[in-house]
Amino acid sequence: MSNPDTPRLSEILARPATRRDFLSRASALSLAIPAVGAALTSCTPNGDQRADSSGAAARSAQPAAGAAGSQDSLLHHNSDSRLDSAVLKGGHATGTSATHEGTERAAEAKYHRYDPTLPPPASGNRLQIHFHAREAPIRISDDLVVAGWTFDGDIPGPIVHCRVGDTVEFTLTNDSNIPHSMDFHAAQIDPKVAFRSVIKGQSVSYTFKPRWAGAFMYHCGTAPVLMHIGSGMYGAIVVSPREPLPAAKEFVLVQGEYYLGDTVNGARAFDYQKMLTTLPDFVTFNGRPNQYIKEPIRVKVGDRVRFWVTSVGPQHPCNFHVVGEQFDTVYLGAPPGSAIRGVQTFAVPAGGGMCFELMCDVAGEFPFVNHAFGHGQKGAIGILAVE
Amino acid sequence: MSNPDTPRLSEILARPATRRDFLSRASALSLAIPAVGAALTSCTPNGDQRADSSGAAARSAQPAAGAAGSQDSLLHHNSDSRLDSAVLKGGHATGTSATHEGTERAAEAKYHRYDPTLPPPASGNRLQIHFHAREAPIRISDDLVVAGWTFDGDIPGPIVHCRVGDTVEFTLTNDSNIPHSMDFHAAQIDPKVAFRSVIKGQSVSYTFKPRWAGAFMYHCGTAPVLMHIGSGMYGAIVVSPREPLPAAKEFVLVQGEYYLGDTVNGARAFDYQKMLTTLPDFVTFNGRPNQYIKEPIRVKVGDRVRFWVTSVGPQHPCNFHVVGEQFDTVYLGAPPGSAIRGVQTFAVPAGGGMCFELMCDVAGEFPFVNHAFGHGQKGAIGILAVE
Amino acid sequence: MSNPDTPRLSEILARPATRRDFLSRASALSLAIPAVGAALTSCTPNGDQRADSSGAAARSAQPAAGAAGSQDSLLHHNSDSRLDSAVLKGGHATGTSATHEGTERAAEAKYHRYDPTLPPPASGNRLQIHFHAREAPIRISDDLVVAGWTFDGDIPGPIVHCRVGDTVEFTLTNDSNIPHSMDFHAAQIDPKVAFRSVIKGQSVSYTFKPRWAGAFMYHCGTAPVLMHIGSGMYGAIVVSPREPLPAAKEFVLVQGEYYLGDTVNGARAFDYQKMLTTLPDFVTFNGRPNQYIKEPIRVKVGDRVRFWVTSVGPQHPCNFHVVGEQFDTVYLGAPPGSAIRGVQTFAVPAGGGMCFELMCDVAGEFPFVNHAFGHGQKGAIGILAVE
Chain L
434 MSNPDTPRLS EILARPATRR DFLSRASALS LAIPAVGAAL TSCTPNGDQR ADSSGAAARS
494 AQPAAGAAGS QDSLLHHNSD SRLDSAVLKG GHATGTSATH EGTERAAEAK YHRYDPTLPP
554 PASGNRLQIH FHAREAPIRI SDDLVVAGWT FDGDIPGPIV HCRVGDTVEF TLTNDSNIPH
614 SMDFHAAQID PKVAFRSVIK GQSVSYTFKP RWAGAFMYHC GTAPVLMHIG SGMYGAIVVS
674 PREPLPAAKE FVLVQGEYYL GDTVNGARAF DYQKMLTTLP DFVTFNGRPN QYIKEPIRVK
734 VGDRVRFWVT SVGPQHPCNF HVVGEQFDTV YLGAPPGSAI RGVQTFAVPA GGGMCFELMC
794 DVAGEFPFVN HAFGHGQKGA IGILAVE
Chain W
434 MSNPDTPRLS EILARPATRR DFLSRASALS LAIPAVGAAL TSCTPNGDQR ADSSGAAARS
494 AQPAAGAAGS QDSLLHHNSD SRLDSAVLKG GHATGTSATH EGTERAAEAK YHRYDPTLPP
554 PASGNRLQIH FHAREAPIRI SDDLVVAGWT FDGDIPGPIV HCRVGDTVEF TLTNDSNIPH
614 SMDFHAAQID PKVAFRSVIK GQSVSYTFKP RWAGAFMYHC GTAPVLMHIG SGMYGAIVVS
674 PREPLPAAKE FVLVQGEYYL GDTVNGARAF DYQKMLTTLP DFVTFNGRPN QYIKEPIRVK
734 VGDRVRFWVT SVGPQHPCNF HVVGEQFDTV YLGAPPGSAI RGVQTFAVPA GGGMCFELMC
794 DVAGEFPFVN HAFGHGQKGA IGILAVE
Chain A
434 MSNPDTPRLS EILARPATRR DFLSRASALS LAIPAVGAAL TSCTPNGDQR ADSSGAAARS
494 AQPAAGAAGS QDSLLHHNSD SRLDSAVLKG GHATGTSATH EGTERAAEAK YHRYDPTLPP
554 PASGNRLQIH FHAREAPIRI SDDLVVAGWT FDGDIPGPIV HCRVGDTVEF TLTNDSNIPH
614 SMDFHAAQID PKVAFRSVIK GQSVSYTFKP RWAGAFMYHC GTAPVLMHIG SGMYGAIVVS
674 PREPLPAAKE FVLVQGEYYL GDTVNGARAF DYQKMLTTLP DFVTFNGRPN QYIKEPIRVK
734 VGDRVRFWVT SVGPQHPCNF HVVGEQFDTV YLGAPPGSAI RGVQTFAVPA GGGMCFELMC
794 DVAGEFPFVN HAFGHGQKGA IGILAVE
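Protein chains in written order, with the numbering used here: chain L, 434 to 820; chain W, 434 to 820; chain A, 434 to 820.
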């Protein structure tokens with residue numbers, strides 16, 4: 434059922450490739466490469482065109498030599514190979530996230546708290562979303578701006594909320610010189626088509642119906658995936674069960690890691706080589722170190738609190754814990770099933786999501802943390818204020 | 434319901450702070466900072482005074498400039514920031530655990546096996562505990578003494594055992610020049626009050642009733658938490674269900690990591706900078722590398738064995754496995770619920786605890802290990818001798 | 434019930450040992466050291482002799498000074514101790530896997546895809562297996578040959594498949610100058626006897642009846658275990674429940690890490706010191722980076738797919754995820770029990786195994802990955818082609 438005109442990812446990747454040879458092939462081929470693949474192609478340069486799992490094909494794109502190299506980096510992912518370095522120093526993928534657009538007017542970037550409140554789900558069983566991929570300087574604390582690669586100009590991208598069985602109509606338009614794509618973990622769909630990369634000015638659209646409830650990661654799947662996730666292209670889609678869970682104050686926490694390199698035009702760049710060390714500078718909930726210490730999450734005594742937690746990594750789990758509390762319920766799979774009870778800490782794997790519930794029957798200021806303090810101390814902490 | 438006289442942690446932390454400015458504020462303010470906060474304050478210098486979740490307030494303490502800096506390190510947790518280094522080189526928090534008290538007469542420190550046997554639970558539904566925080570040289574093997582920060586002079590601190598719903602009356606008295614605190618993961622309580630730090634000569638007391646069964650971590654929550662856990666201030670409280678679990682030989686294993694620096698007066702110091710590398714020198718069960726190889730845990734054929742396992746980290750999980758055996762039951766949450774069956778290895782997250790059961794129907798010497806051998810080979814191994 | 438003539442592992446390990454003293458003891462003693470122990474001894478030099486859990490004793494072996502050192506490394510596992518280095522530079526355990534046999538004719542080593550298909554289970558409730566431990570150059574990609582330590586000449590070793598309650602009769606014959614052993618995680622058996630090490634020309638045999646269904650790791654347990662697992666001595670035994678699971682296409686994925694050092698005779702050696710950094714060069718499914726991108730796993734629309742996944746580490750979990758799909762079922766323990774439902778990603782701990790199921794009702798090319806992209810990008814990726 435896959436489109437016969439579309440070359441198989443496996444065929445493309447199986448060919449021995451040098452960088453030069455890749456560049457010429459890249460210009461000639463329509464590379465419909467999914468989440469984990471490289472990224473040079475797109476549908477037509479029409480922001481509205483839809484593709485879905487029933488198979489709108491990827492079509493020929495313009496050469497995009499400046500963006501090349503991703504292909505090689507998939508084939509040669511050895512962190513210290515010469516090829517990797519060569520690739521990442523070529524074109525736009527230089528191993529740093531710092532681009533003109535991502536650092537321009539960095540000093541003027543305003544800090545804002547990322548609202549962790551789960552928005553209401555889409556009404557009418559249908560949700561239309563249109564994200565733009567673009568670079569932007571993001572102020573993550575009073576004195577630190579990063580050169581972000583973003584969905585809609587923030588890290589994380591917007592929280593998406595729907596219910597099991599809703600129809601999600603999604604479009605990504607790429608405003609960036611770097612190819613990008615979108616992989617929703619809540620979608621069951623052919624990633625070669627739906628999660629393919631698009632270049633500047635082009636769009637990709639697809640439709641999916643989430644089958645399972647949960648906190649699902651979304652992210653750019655363009656190679657090197659590590660670089661795209663590590664530079665900020667991630668977020669969460671929360672899928673609620675059709676039968677509502679018990680009433681609760683619901684919040685979304687997306688744990689991400691920051692690996693920072695040089696400062697360019699006043700913005701710290703994300704650094705690919707540092708990502709490979711797996712020793713982050715910051716670990717954050719919703720993109721800003723310690724933001725919910727500065728401005729806590731506030732609830733009332735008697736509230737049930739439900740945290741939808743994803744760890745986008747790129748590398749580490751979130752060992753989620755609330756100081757002074759225990760979770761009465763942790764859903765390891767889709768709520769309301771797959772629940773365990775009476776838990777101090779549970780690890781949400783990189784690329785995964787879980788749902789944590791507690792009853793706030795004691796007043797106080799309860800820090801929520803990643804309890805792996807080698808990393809947790811680097812910013813993955815906030816305050817749940819129960820008043 | 435929180436005490437209006439107590440400054441909010443969020444208020445304190447939100448203020449821009451330089452080290453100098455912090456030191457002056459620290460002297461003037463009553464900083465009731467919880468588990469993850471810094472630590473300069475206390476209740477009155479009265480070892481008996483009780484605080485509980487209904488709100489005994491933190492009150493003004495003496496200036497404690499020597500202990501300052503913790504506050505900054507929370508705000509500026511970037512591992513390679515200048516500020517972090519500055520903070521950790523000031524006062525007592527120099528990035529090393531080596532103090533006079535922690536290294537004095539190190540050569541005379543005696544090795545002892547840490548008894549992993551779960552003691553009987555408190556009788557009469559009430560348990561009174563009084564721990565002292567103090568520095569002490571701890572001999573962890575024939576040829577190695579570490580400069581420990583301890584609860585009651587050992588690493589880990591004493592095993593606490595109670596049952597769901599028991600009343601635990603806890604007091605911590607600080608005998609050390611460094612501020613300390615106590616965070617019981619089994620307590621549901623306002624950490625800003627109960628888990629606040631106290632300085633030398635002062636005490637903090639609180640009462641809690643564990644709601645869930647399980648193996649819960651306890652630890653000093655004074656900032657930098659990484660330094661306090663990493664220097665030995667941790668242990669386990671086991672909460673048994675009111676309805677007894679099947680009869681078993683019960684043991685407690687607390688996995689901890691050792692990051693060692695300079696030798697001072699014959700004792701190796703714990704090294705904060707090394708902790709940030711997340712590459713430990715040793716990973717231990719109950720504080721001593723390989724101690725249960727030297728002196729195994731002994732049971733009889735036909736015994737059911739129940740291991741209450743916590744990983745205190747600070748960073749890594751315990752991938753718990755018994756060579757030559759499988760667990761018939763692992764409780765991911767509170768026993769007797771949340772059980773999975775037929776398991777070779779399961780990961781206890783840093784800051785978490787789980788309960789592992791097996792039937793010893795074969796005689797032999799069964800090594801129990803952290804099966805992540807990059808770390809497990811560093812000491813997290815023992816022998817379960819079935820005779 | 435353990436054999437009184439066999440020295441206790443705990444007794445052996447408790448003795449203070451210098452390397453010199455160890456070498457002399459090693460020659461004199463019959464060291465029946467299990468999975469985690471060192472490895473100098475064996476049963477008689479008779480390839481057929483059987484031992485089982487009822488107790489065939491280890492007997493005196495020839496001196497094997499060249500292979501010594503393992504014992505010390507267990508006692509002194511501090512990664513940067515002088516002793517460790519000394520040990521690993523002595524005899525065959527030089528900290529590199531490069532031996533004559535493991536590098537000879539490396540250039541002629543042929544690449545082959547490791548077939549991930551689960552073979553049918555043993556018929557007749559009985560399975561006889563005879564593996565040979567031997568060194569061999571293994572081509573893991575077009576341009577890379579590694580100096581492997583192997584079971585039967587491949588990395589991983591052969592897939593073993595049986596059912597709960599089957600009788601597995603296993604023999605390991607050692608064709609290598611380095612002592613080796615076999616630890617089946619599916620066996621309930623005295624490891625001191627069954628998992629003991631044998632030297633060149635000798636064999637060890639034992640019989641076990643798997644009690645629980647699941648994907649179980651097997652590996653060489655000879656010290657340093659990190660070196661033996663890290664050099665390729667691992668594989669998977671899948672134990673199916675007696676009552677068949679729902680019909681499915683079943684595949685086995687063994688995630689392993691490669692830490693590569695010097696090139697010797699055209700083969701890259703596995704490097705013990707690099708293993709201790711826990712930063713692998715490659716993370717692979719079934720021993721070859723990206724092999725199932727080159728040659729995908731192919732199924733049909735409508736197939737249920739069951740992945741039996743083990744992570745042999747030595748250090749890291751496998752955060753298993755299929756791009757564009759969700760698992761309807763993940764068995765955390767023994768199938769058909771211990772199941773959770775509706776999962777995007779779950780972490781299989783190092784030394785553990787889990788079973789993942791999905792329904793392929795959409796055509797496409799679905800990458801399966803370790804979603805910890807700091808490592809996953811290093812080769813733990815393949816394509817599930819649904820046609």
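There could be a bad hint or two in this list.
To be verified - Here are the simulated lysine-lysine pairs, DSS-like style, with alpha carbons at most 27 Å apart:
| no. | chain 1 | residue 1 | chain 2 | residue 2 |
| --- | --- | --- | --- | --- |
| 1 | A | Lys642 | W | Lys682 |
| 2 | A | Lys727 | W | Lys707 |
| 3 | L | Lys707 | W | Lys707 |
The hints are simulated quantities; they were obtained by calculation from the structure and are not laboratory data. This structure is a prediction, so every number in the text was calculated from the model and none was measured.
Against the structure, the hints come out as follows:
1. A/Lys642 <-> W/Lys682: 25 Å, holds
2. A/Lys727 <-> W/Lys707: 41 Å, violated
3. L/Lys707 <-> W/Lys707: Holds. L/Lys707 to W/Lys707 sits at ~18 Å (cutoff 27 Å).
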